[in-house]
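Trainee: Use the sequences and the hints to build the structure in full.
As numbered in my numbering, the sequence shown has no gaps in its residue numbers, which increase by one up to the final residue, 644.
Hints listed in this document are in silico derivations from the structure and should not be mistaken for laboratory results.
There is no bait here: all hints are sound.
EDC-like mimics (lysine to aspartate or glutamate), calculated; alpha carbons at most 16 Å apart, straight line:
1. K109 / E146
2. K604 / D530
3. K55 / E150
4. K262 / E290
Label-pair restraints from in silico Cβ distances:
5. R200 / I630: 22 to 30 Å
6. D519 / D114: 49 to 57 Å
7. D537 / L427: 55 to 63 Å
8. A458 / D114: 47 to 55 Å
Beta carbons: idealized from backbone N, C-alpha and C, even for Gly.
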Amino acid sequence: MREKQKKILVINLTRMGDILQSSPLLHVLKLADPDIHISYLAVKGYMDICRHIPYIDKLIPFDFNASVAVSKEAIYSLPRRLQETKTFIDSLRSEKFDEVLNLSHSKISALICYLLGVEKTVGLTLGSEGYRLIRHPWARYFFTANLNRHHNRFNLVDINKGLAYDNEVNTASSGFNPFAIQDYSLKLQQRNSDGAEALLKKWTDKENGFKIGLQPGASLACKRWPAECFVDLGKQLQENCGASIAVFGSSSEVGLAHEITSALGNNTLNLAGKTSIGVLGAVIKKMDLLITNDTGTQHIAAAVGTPVLSLCFGSALSHETGPYGKNHYIMETSLSCYPCSFHVECQRYRCQETVTPQAVYTIAENMLNGKTDVPLESQSTFADVNIWRTDFDDRGMWMLKPVVKRALTAVEYINLCSRLIWQKVLMVSGEESDLAYSLNVTDFIPLIGDYSEPDIDIFRKELEPTYDSILRLQSLADDGQRQCQDLQELWSAGDDDPDFIRTFGETLGKIDAEITVSGYRLPPVNHLVLDFNFLKQNLQGDDFISLVIETEKLYHRLFTISSLYKQGLQDWHALFEQIGWQSIENEETMDVA
Numbered sequence: 052m053r054e055k056q057k058k059i060l061v062i063n064l065t066r067m068g069d070i071l072q073s074s075p076l077l078h079v080l081k082l083a084d085p086d087i088h089i090s091y092l093a094v095k096g097y098m099d100i101c102r103h104i105p106y107i108d109k110l111i112p113f114d115f116n117a118s119v120a121v122s123k124e125a126i127y128s129l130p131r132r133l134q135e136t137k138t139f140i141d142s143l144r145s146e147k148f149d150e151v152l153n154l155s156h157s158k159i160s161a162l163i164c165y166l167l168g169v170e171k172t173v174g175l176t177l178g179s180e181g182y183r184l185i186r187h188p189w190a191r192y193f194f195t196a197n198l199n200r201h202h203n204r205f206n207l208v209d210i211n212k213g214l215a216y217d218n219e220v221n222t223a224s225s226g227f228n229p230f231a232i233q234d235y236s237l238k239l240q241q242r243n244s245d246g247a248e249a250l251l252k253k254w255t256d257k258e259n260g261f262k263i264g265l266q267p268g269a270s271l272a273c274k275r276w277p278a279e280c281f282v283d284l285g286k287q288l289q290e291n292c293g294a295s296i297a298v299f300g301s302s303s304e305v306g307l308a309h310e311i312t313s314a315l316g317n318n319t320l321n322l323a324g325k326t327s328i329g330v331l332g333a334v335i336k337k338m339d340l341l342i343t344n345d346t347g348t349q350h351i352a353a354a355v356g357t358p359v360l361s362l363c364f365g366s367a368l369s370h371e372t373g374p375y376g377k378n379h380y381i382m383e384t385s386l387s388c389y390p391c392s393f394h395v396e397c398q399r400y401r402c403q404e405t406v407t408p409q410a411v412y413t414i415a416e417n418m419l420n421g422k423t424d425v426p427l428e429s430q431s432t433f434a435d436v437n438i439w440r441t442d443f444d445d446r447g448m449w450m451l452k453p454v455v456k457r458a459l460t461a462v463e464y465i466n467l468c469s470r471l472i473w474q475k476v477l478m479v480s481g482e483e484s485d486l487a488y489s490l491n492v493t494d495f496i497p498l499i500g501d502y503s504e505p506d507i508d509i510f511r512k513e514l515e516p517t518y519d520s521i522l523r524l525q526s527l528a529d530d531g532q533r534q535c536q537d538l539q540e541l542w543s544a545g546d547d548d549p550d551f552i553r554t555f556g557e558t559l560g561k562i563d564a565e566i567t568v569s570g571y572r573l574p575p576v577n578h579l580v581l582d583f584n585f586l587k588q589n590l591q592g593d594d595f596i597s598l599v600i601e602t603e604k605l606y607h608r609l610f611t612i613s614s615l616y617k618q619g620l621q622d623w624h625a626l627f628e629q630i631g632w633q634s635i636e637n638e639e640t641m642d643v644a
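Mentor: See the structure below:
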């Protein structure tokens, strides 16, 4: 008898780029179980892009604005809206989903998950008392990364794919690796290609020239490179590369596109507001290169196989949402204020000023001429600019490699440590013990090969505050473990002295407060702190001793991960010697007590 088809609901109440970045996860789910049925819940306004994503069996539109409207007038329609919401939830319940994957981090998505009541829910939901629950290690990492953006080194595509990794089922011996599946595609139909051909008829007499797309718009002003910069860049591409240029954008960006196309001349196409998602994908597929701000358009280009040169400004951060694939390029400022916090309104976009048209042209020319593996020497053109090339590591996870060779900084070394550590922590399986939590010096070599040797004294001095903070965090975690163990021993001996229990609670409260403060004080260790705090928030139940046992496990986890960081921050000496950087045999090492 055939088994019942497994039904999964994927919730993604975000924008076009985030929706596209979920498509590799859907592919992973289909490969793991070809018979699985995937329903996809998305905001009604993004149904068009969803229709072009493979692997979705059923689309469910969600009227986000109607559901969360809080305007003064909306209160009068509240009874109707509540009834509509109830009807909507009831219709979802009737689908009898076996699993729910929530890729959103909004309150409304958490509420939907809670109301559905599906036992296997991955991502953000609510507990029985209405408090936030984050289920799955990769989902927790997503939240810690959002609150600690400077130190995240995982792309959203890989974080999404991580949600398909079940630590109890996908053990080391199973051979399942969702990150090895790097397919990123968009479904295009013949009518999309026909529409693209009609729009590009003007270029039929220039078959041999480069075709370059420009996307000057973006969702926020802080993310938009100035129009005059696109004009300057476009002129250099026309004069030096013989390029034909198309300018893309939404219907609200027609004026911006016209400003650029009118300055670039007659052989430039203004396609803003003239394409559906399918036709846009087909047009971009014919481009030799897309140069764009951080937009959904860059993800369309990556999905159809067109090289992308992405310009990241303001709150856009390349490591989070850069174009997925190999040999795309990203340019962003190296200013310390970058990236902007989502809640900060900048008065002057200095990040945009550091990325000049000449610098962008240099990278674009290299890409057009196939010089994607040629490292660039540091020069004034690239001052205050980070330039990255996209690649995959030996696990199949997306990564950024520096194009301009610069000295390895302590901050970047800490971030690379974090990448290695969280790869191990998030993918440790149920059959593995703490022995799986170990670092090897050789793990770092592929990550730092594109950097040059730092000044040892400066490097050490910049590394010490983080190292000292890790030692303190490790000590606090050990104190927490011991407190929990002492209480368990007394409890098992029949001693439930209320004064001791009260003292126990006060002591743990002080330990936790100091752990939290250490994260605020030093952002590089905040990933560990946030992970610990989210796990404590996830504790459920009212059996006292069971909660003590689970709390001890969390302190033990914090202690173990802190030990990994300690090891990584000590091993730089051996690493530098192994790759042939200056000998430091006689240098003092950090205190390893």
